[in-house]
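*Asks:* Residue numbers (numbering that gives the first Met the number 0), protein chains in the order written: chain A, 0 to 238; chain B, 0 to 188.
Derived from the structure by calculation, the hints contain no laboratory data. Do not take every clue at face value.
To be verified - Selected chain B positions facing chain A (Cβ under 7 Å, derived; list incomplete):
(1) 67
(2) 69
(3) 70
(4) 74
(5) 120
(6) 164
Unchecked claim - Each computed SDA-like pair below joins lysine to any residue, with the alpha-carbon atoms no more than 20 Å apart:
(7) A/5 <-> B/117
(8) A/211 <-> A/174
(9) B/117 <-> A/46
(10) B/117 <-> A/50
(11) A/211 <-> B/108
(12) A/5 <-> A/50
(13) B/117 <-> A/36
(14) A/5 <-> B/106
(15) B/117 <-> A/43
(16) B/117 <-> A/129
(17) A/5 <-> B/160
(18) A/211 <-> A/171
As the list claims (entries may be wrong) - With beta-carbon atoms standing in for the labels, derived distance ranges:
(19) A/214 <-> B/146: 35 to 45 Å
(20) B/161 <-> A/40: 20 to 30 Å
(21) B/158 <-> A/43: 21 to 31 Å
Keep in mind the model is a prediction, meaning the values are calculated, not measured. Idealized CB from N, CA, C, for every residue including glycine.
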Amino acid sequence: MAIDRKPDDELLLNALVDGELGPSEHAAAAARLAGEREFARAYATLTRLKASVVESAEAGAPIELSLPRPRRPIKLVIAGTAALAATIAAAIYLGPLLRSELQIAAIESAPGEAVTLAALPGDPILPDLAPVGLRLTRTIVSTSRGGQTLVATYLGPRGCRLELRVRDAASAEMPAEGTDRRSWRVGSLAYELVAFGMPSARFAAVAEAAEKATRATGLPKRIDRQVREARASASPCIT
Amino acid sequence: MDAEPLDTSLSIGNAAEIERTVSRGSHADLPVLLPRLIAFARTMVGDLEAARDLVQEAAARALAARNVPDDAPAYRAWLFRIVRNAALDELRARNHRKHDLPQAPVDVWRFDDACIAKITVEQGLAAIAPAHREIIGLIDIAGFSYAEAAEVLGVPTGTIMSRIARARAALLQMIVASRIRPMKSSHGH
């Protein structure tokens with residue numbers, strides 16, 4: 000079967016895969032996708048290639064930062080659940096000295112397990128979102144007049160960032176920010192998940208999974224599948 | 000270089016001094032950018048340990064710099080340029096051999112998608128030319144838009160458009176050349 004290729008079709012397809020087309024160009028490309036089998040097939044090839052490249056980059060580069068010329072070094076070696084609790088303890092203990100920007104922890108939570116903390120009343124739970132490509136990288140306890148808030152930061156390899164904030168439901172809320180938010184309560188704890196630049200559809204799926212995990216440990220299979228699909232089809236998060 | 004050796008820990012020196020440094024100006028974005036920087040560096044140089052070293056070095060350079068871009072997008076592009084230059088230096092130091100593309104041009108219009116899998120892509124990325132890895136790393140792994148990648152590389156946006164198309168074609172060529180056919184998995188993506 001003859002293929003009706005235009006000179007710039009490969010550039011067009013790549014731009015389409017990368018979300019770089021303007022509205023009118025996108026509409027024209029969408030019409031070709033619907034009407035031209037070979038065009039749609041090439042688009043699928045490039046989409047799959049891009050998804051596989053993203054996947055290949057997610058083999059697990061831990062977050063780390065050491066700064067030059069340390070004096071009186073304090074070394075935090077973080078690994079697993081126990082170390083996460085240690086981070087929280089360190090954050091509280093060092094609170095007056097080290098504020099949020101310094102508590103950059105390389106946290107490797109146990110795969111498939113939620114992490115339970117005892118830093119706040121009511122046993123707050125930080126869900127493990129690694130199965131959906133979001134790594135728990137930092138936890139801090141922010142103290143304000145309204146009380147303590149546990150802030151957990153999750154990062155993905157393509158710029159996605161989420162913050163899960165856990166506080167006593169009776170305390171004051173933290174200032175609104177981010178591009179998407181979802182709040183819920185579990186017992187005496189108030190949870191709030193805040194997105195920074197994540198596509199809304201993916202955020203909705205991730206937030207549902209996170210909420211479920213805080214209510215009952217573990218990702219239900221149905222939600223796990225939904226979140227993975229949302230992740231595969233989502234654009235990178237650019238904040 | 001007086002930097003602490005890298006491991007999987009966070010080394011914190013004089014707290015007040017570092018707090019001033021990291022929180023000053025746009026350096027507050029540095030921790031958030033680290034995963035993308037490491038992933039990009041890994042794509043460039045091929046292995047995680049070298050990528051960690053590069054990003055560590057780049058972070059140290061950034062923190063020591065006198066002139067730091069004020070706004071977040073410019074800061075991000077500036078950091079990626081530092082990592083990119085470090086990666087290119089690393090590749091030059093390794094006396095990286097030239098990559099010869101397979102002779103038969105790939106036909107994206109008739110490509111067998113079953114060949115595309117994590118393992119074949121990883122091998123393909125390792126085999127393509129550094130310039131191709133660079134643009135794929137910026138667009139697909141670091142998640143830059145074409146305009147942002149153009150700023151990092153100092154080229155027009157149209158150049159990015161053609162470079163990413165060529166790079167993906169090269170990657171598909173390498174996947175074909177590897178002759179690896181992934182087995183079907185019971186759990187797809």
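*Asks:* Hint check: residue 117 of chain B vs residue 46 of chain A, CA-CA at most 20 Å. Holds or violated?
*Replies:* Holds, at roughly 13 Å.
*Asks:* So, as I understand it, the hint says residue 74 of chain B touches chain A; can you test that by seeing if any CB pair is closer than 7 Å?
*Replies:* Hint violated; residue 74 of chain B Cβ to chain A Cβ min 12 Å, cut 7 Å.
*Asks:* Return holds or violated for the Cβ distance of residue 161 of chain B and residue 40 of chain A against the range 20 to 30 Å.
*Replies:* Holds, at about 22 Å.
*Asks:* Residue 117 of chain B and residue 43 of chain A: Cα distance at most 20 Å?
*Replies:* holds (16 Å)
*Asks:* Holds or violated: the 35 to 45 Å window for the beta-carbon distance between residue 214 of chain A and residue 146 of chain B?
*Replies:* holds (42 Å)
*Asks:* That 21 to 31 Å hint for residue 158 of chain B and residue 43 of chain A (C-beta), does it hold up?
*Replies:* With a Cβ separation near 26 Å, residue 158 of chain B and residue 43 of chain A satisfy 21 to 31 Å, so the hint holds.
*Asks:* Just to be careful, I want the Cα atoms of residue 117 of chain B and residue 129 of chain A compared with a cutoff of 20 Å; is the pair within it?
*Replies:* holds (18 Å)
*Asks:* For the pair supplied as a hint, residue 211 of chain A and residue 174 of chain A, confirm whether the alpha-carbon distance does not exceed 20 Å.
*Replies:* The given pair, whose Cα atoms are some 24 Å apart, is violated under the 20 Å limit.
*Asks:* Are the Cα atoms of residue 5 of chain A and residue 50 of chain A separated by 20 Å or less?
*Replies:* Violated, at about 25 Å.
*Asks:* Does residue 117 of chain B pair with residue 36 of chain A here, judged by a C-alpha cut-off of 20 Å?
*Replies:* violated (26 Å)
*Asks:* Hinted pair, alpha-carbon criterion (20 Å max): residue 117 of chain B, residue 50 of chain A. Please report holds or violated.
*Replies:* holds (9 Å)
*Asks:* Does the CB of residue 164 of chain B sit less than 7 Å away from some CB of chain A?
*Replies:* holds (5 Å)
In terms of the numbered hints stated before, the structure departs from hints 1, 2, 3, 4, 7, 8, 11, 12, 13 and 18, listed from lowest to highest.
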